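Please model the entire structure based on the sequences and the hints provided.
In case you want the letters, here they are:
There are 2 protein chains.
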Amino acid sequence: MGTLTLRQVAIDTYKENVAYLHRDCKLYRSEGFQALNKIEIQQKDNGRSIIAVLNVVDDVCITGPDELGVCEQAFEQLGGKAGIAVSVAHARAPDSLKAVHRKIAGDVLDFEDYRGIALDIAANRYSKIEIAAFLVACSELGLERDEVLYLTRAMIETGERLDWGEPLVVDKHCIGGIPGNRTTMVIVPIVASHGMLMPKTSSRAITSPAGTADTMEVLAQVELSPDKLHQIVRSERACLAWGGTARLAPVDDILIAVERPLLMDSPGQLVASILSKKLAAGANHLVIDIPIGATAKVRTRNSAMILRKLFEYVGDSLGINLEVVLTDGRQPVGRGIGPALEARDVMQVLSNDPTAPVDLREKALQLAGRILEFDPDIRGGQGYIMARDILDSGRALAKMQAIIEAQGKNPHPPEIGPLRHDVLAGQDGIVTAIDNLQLAHIARLAGAPMDQGAGVDLHCKLGDRVAPDTPIYTIYAAFPADFDFARELAAQDTGYTIGEHYVDERP
Amino acid sequence: MGTLTLRQVAIDTYKENVAYLHRDCKLYRSEGFQALNKIEIQQKDNGRSIIAVLNVVDDVCITGPDELGVCEQAFEQLGGKAGIAVSVAHARAPDSLKAVHRKIAGDVLDFEDYRGIALDIAANRYSKIEIAAFLVACSELGLERDEVLYLTRAMIETGERLDWGEPLVVDKHCIGGIPGNRTTMVIVPIVASHGMLMPKTSSRAITSPAGTADTMEVLAQVELSPDKLHQIVRSERACLAWGGTARLAPVDDILIAVERPLLMDSPGQLVASILSKKLAAGANHLVIDIPIGATAKVRTRNSAMILRKLFEYVGDSLGINLEVVLTDGRQPVGRGIGPALEARDVMQVLSNDPTAPVDLREKALQLAGRILEFDPDIRGGQGYIMARDILDSGRALAKMQAIIEAQGKNPHPPEIGPLRHDVLAGQDGIVTAIDNLQLAHIARLAGAPMDQGAGVDLHCKLGDRVAPDTPIYTIYAAFPADFDFARELAAQDTGYTIGEHYVDERP
Numbered sequence: 002m003g004t005l006t007l008r009q010v011a012i013d014t015y016k017e018n019v020a021y022l023h024r025d026c027k028l029y030r031s032e033g034f035q036a037l038n039k040i041e042i043q044q045k046d047n048g049r050s051i052i053a054v055l056n057v058v059d060d061v062c063i064t065g066p067d068e069l070g071v072c073e074q075a076f077e078q079l080g081g082k083a084g085i086a087v088s089v090a091h092a093r094a095p096d097s098l099k100a101v102h103r104k105i106a107g108d109v110l111d112f113e114d115y116r117g118i119a120l121d122i123a124a125n126r127y128s129k130i131e132i133a134a135f136l137v138a139c140s141e142l143g144l145e146r147d148e149v150l151y152l153t154r155a156m157i158e159t160g161e162r163l164d165w166g167e168p169l170v171v172d173k174h175c176i177g178g179i180p181g182n183r184t185t186m187v188i189v190p191i192v193a194s195h196g197m198l199m200p201k202t203s204s205r206a207i208t209s210p211a212g213t214a215d216t217m218e219v220l221a222q223v224e225l226s227p228d229k230l231h232q233i234v235r236s237e238r239a240c241l242a243w244g245g246t247a248r249l250a251p252v253d254d255i256l257i258a259v260e261r262p263l264l265m266d267s268p269g270q271l272v273a274s275i276l277s278k279k280l281a282a283g284a285n286h287l288v289i290d291i292p293i294g295a296t297a298k299v300r301t302r303n304s305a306m307i308l309r310k311l312f313e314y315v316g317d318s319l320g321i322n323l324e325v326v327l328t329d330g331r332q333p334v335g336r337g338i339g340p341a342l343e344a345r346d347v348m349q350v351l352s353n354d355p356t357a358p359v360d361l362r363e364k365a366l367q368l369a370g371r372i373l374e375f376d377p378d379i380r381g382g383q384g385y386i387m388a389r390d391i392l393d394s395g396r397a398l399a400k401m402q403a404i405i406e407a408q409g410k411n412p413h414p415p416e417i418g419p420l421r422h423d424v425l426a427g428q429d430g431i432v433t434a435i436d437n438l439q440l441a442h443i444a445r446l447a448g449a450p451m452d453q454g455a456g457v458d459l460h461c462k463l464g465d466r467v468a469p470d471t472p473i474y475t476i477y478a479a480f481p482a483d484f485d486f487a488r489e490l491a492a493q494d495t496g497y498t499i500g501e502h503y504v505d506e507r508p
Numbered sequence: 002m003g004t005l006t007l008r009q010v011a012i013d014t015y016k017e018n019v020a021y022l023h024r025d026c027k028l029y030r031s032e033g034f035q036a037l038n039k040i041e042i043q044q045k046d047n048g049r050s051i052i053a054v055l056n057v058v059d060d061v062c063i064t065g066p067d068e069l070g071v072c073e074q075a076f077e078q079l080g081g082k083a084g085i086a087v088s089v090a091h092a093r094a095p096d097s098l099k100a101v102h103r104k105i106a107g108d109v110l111d112f113e114d115y116r117g118i119a120l121d122i123a124a125n126r127y128s129k130i131e132i133a134a135f136l137v138a139c140s141e142l143g144l145e146r147d148e149v150l151y152l153t154r155a156m157i158e159t160g161e162r163l164d165w166g167e168p169l170v171v172d173k174h175c176i177g178g179i180p181g182n183r184t185t186m187v188i189v190p191i192v193a194s195h196g197m198l199m200p201k202t203s204s205r206a207i208t209s210p211a212g213t214a215d216t217m218e219v220l221a222q223v224e225l226s227p228d229k230l231h232q233i234v235r236s237e238r239a240c241l242a243w244g245g246t247a248r249l250a251p252v253d254d255i256l257i258a259v260e261r262p263l264l265m266d267s268p269g270q271l272v273a274s275i276l277s278k279k280l281a282a283g284a285n286h287l288v289i290d291i292p293i294g295a296t297a298k299v300r301t302r303n304s305a306m307i308l309r310k311l312f313e314y315v316g317d318s319l320g321i322n323l324e325v326v327l328t329d330g331r332q333p334v335g336r337g338i339g340p341a342l343e344a345r346d347v348m349q350v351l352s353n354d355p356t357a358p359v360d361l362r363e364k365a366l367q368l369a370g371r372i373l374e375f376d377p378d379i380r381g382g383q384g385y386i387m388a389r390d391i392l393d394s395g396r397a398l399a400k401m402q403a404i405i406e407a408q409g410k411n412p413h414p415p416e417i418g419p420l421r422h423d424v425l426a427g428q429d430g431i432v433t434a435i436d437n438l439q440l441a442h443i444a445r446l447a448g449a450p451m452d453q454g455a456g457v458d459l460h461c462k463l464g465d466r467v468a469p470d471t472p473i474y475t476i477y478a479a480f481p482a483d484f485d486f487a488r489e490l491a492a493q494d495t496g497y498t499i500g501e502h503y504v505d506e507r508p
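One line per chain: the protein sequences are A and B, in this order. Numbered according to the numbering used here, the first sequence terminates at residue 508, and the numbering increases by one at each position without gaps. Numbered according to the numbering used here, the second sequence terminates at residue 508, and the numbering increases by one at each position without gaps.
Simulated from the structure, these hints should not be mistaken for lab results. Don't take each hint at face value.
Identical copies carry no separate label here, and so any pair may be met within one copy or between two of them.
[Said to hold, decoys possible] Below, simulated DSBU-like cross-link-like pairs (lysine-lysine); rule was C-alpha separation at most 30 Å, straight line: (1) 16 x 99; (2) 16 x 27; (3) 27 x 410; (4) 298 x 16.
None of the values given here were measured: they were computed from a predicted structure.
Dropping the structure here:
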């Protein structure tokens, strides 16, 4: 209808298109726009159009009465040119929202429904509140197995998809929740030493003290261009990079932006999220690690089995070769929690350092063994032994060093600390429980992952005998304020339970 | 933790607290804040704190690195002083969100749960996406009857509540959806002439071509201070004002801000919304009008009955004397659609003008009769006759004129039009259906309710015989662009069905 001048408003609204109209804008009044209305913005010269949610502005420094302000991502989508003419109209609700309403009413949706939803979400036609409505409708008992499959397929099809041109492209994924669980950085060099292709991209920490990308960054560059990444994978058969640059399963990123603040984590969304990303990244063989423990994401063997079946059903239907491994999630893996401390653990294991944490080594060997057995030439049950041989021989270390060199070695590796504080057991007994959530929280307050050298270093694990003055762990921090917060939290609750008897019952 | 300087960002985010941090703000990095995180903002001098959703800014003109920008409503909540010191920390999720997650998982919540949710929403502790999650969880088959009761009670208790100090305070409410349905402006003067207290506050149009407040504004001031409103009600026994100024059931306003863009309208939310507002406004006797028709909100007699039972159950439990009337919603009521046209219809009925629309008169008398029968001195069945006597005698008109004078007569009543276009039947036959939604849409495109004189004036109703050149309605508009859009839409589909046979079957 009316014409306005486009202007960027330098606000990052995180995956939501937001437009800003001045309250005195003639169109605002005459069209009866309201804040939170969705409007369609059309570029006059090329007809390109986007949908955005409207906010109303009372300051010409942000948007004037003859202008249309748009947030950063919307500005990009419109071509990134200020001053061009745009028209604005009421947006129709995206067609696929009807399917969301049917889902809310209890219907089972089909693939075409999910494809419509994924296409509209990928095109930024959904507002955050519409995405929230979709997520809640799908949550908990709301998704049939086939619906998870349809959603996963729809999420893959609405993004780019890598093709490595090889029959054996492997990947692994842990559903998360266990601090220090940095097995990936041991597994990748082992598997690549055997010659398998493992182009591993990982995320940064969202709510945890370190993601694999954060930990690898202690040793090497992880933000690589797609070209560089491909070149490294071709020469080294592997990489350990940050996955944030590719446009793989973009719907997943948009959904996560709403799931995270909602604290939602339904099995259907979890499976669709992981499998869509892995398949889009070109993996055709995948090992999924589901840790079980009282303070892990999955608390009982029963719920782990339900999740496993769902992974298997969707994975098999999509033609990916998938193995689910249920692991021990009762306590952190390794000793360090925080990027530099975890990188130290990983390098100790790869270097066959006699002081290396045994649990990290064993878990990594177990998972690497399962991946190696994807090789048709390897006899069932021999994977673990092969993985151990590769690690013990130093070939995994050499491969890791080659990957670090290829990605670009970090010339200034962070120091650990420098502030440090020992937390003592405070009583005689045996460590009978360690709270993953509490330890992760303490490490985050200490500054991890932003401060690479901050975190927690564990000295005692389950079953260890302690005296009152035994240091159970050390807190490291870079800044006094962080240091104090972390120490205070540990003083309230160390996260350790000290008892008299301990029976080692793996979940 | 760290301290920043408060600054207002002149953006109206419509019922959501939004805060803006510059990307280079030290706190943004060190605290690991992310866009869409919720943060707690504490005023340093008096300790007052609020919750807001974070957006990240790249322009110091909006928010500088040492500042914390907040949207208009958050700025008000913090006391409205720029430059004061505030601290910022990660906000804990509101406690009541656990109840929302239980609701999502299929639980039935109790009153304490709903009270916690309402308190947190009223205190702006919920983000829009959290509210969307709550609404979807409550939607459709999701709320037990008792839960609707608890939600309604919780919404009443978390706001102010008026007490008129009389045993008979009456109100009426239509669930909406029928253009031209301006019975309230006929009913209020009739009921007040009888001496009953009817302090009527109404809304403005949200998605319709006119609300009662928009239509009354054609004749008189409707934005009245609480003091003025009370004084008018005391002297005239009634008012016809806009209800937007009072803080009655504020949770309802916040929920509607999210329901509306989500296009959600579940029975439970509808009942809780209407009853909480009416009870908070001090009504103790209430008539609810539920129009039934193919293009009304409620399409079948069956679903109307379900809604009626829900209204009755919750109303009875809360001690309000409530009558539900199921009415004919097959077509618009009266002739005019749009503020000035509807005000004309109302004044014709009140003036006993022989050309006044009969259906508006009859429906208003029917509803007014039901309200009059709340008076214990009036015999059952006599209400309609009394209402008709009051109207025919001119007492209702005199009361309306007194209310208009008391509220402040509009010195410049809008003219209808001036642009006008007749839409013709185009064929011989009988009007067999009129689409409420299409007529409302045409009237809105023509400029209603922003342009008070714009809208649609119907010349034919159901059962009327037409020839090809019979004008079925006239479109009025103030601006050529609006005029063209409305005419185009009417040319695509007049909203009228012309057939050969018509059987008058009231739903």
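Hints, one by one, checked against the model:
1. 16 x 99: Intra 22 Å, inter 26 Å, cutoff 30 Å: intra and inter.
2. 16 x 27: both (28 Å within a copy, 23 Å between copies)
3. 27 x 410: between (57 Å within a copy, 27 Å between copies)
4. 298 x 16: within (26 Å within a copy, 34 Å between copies)
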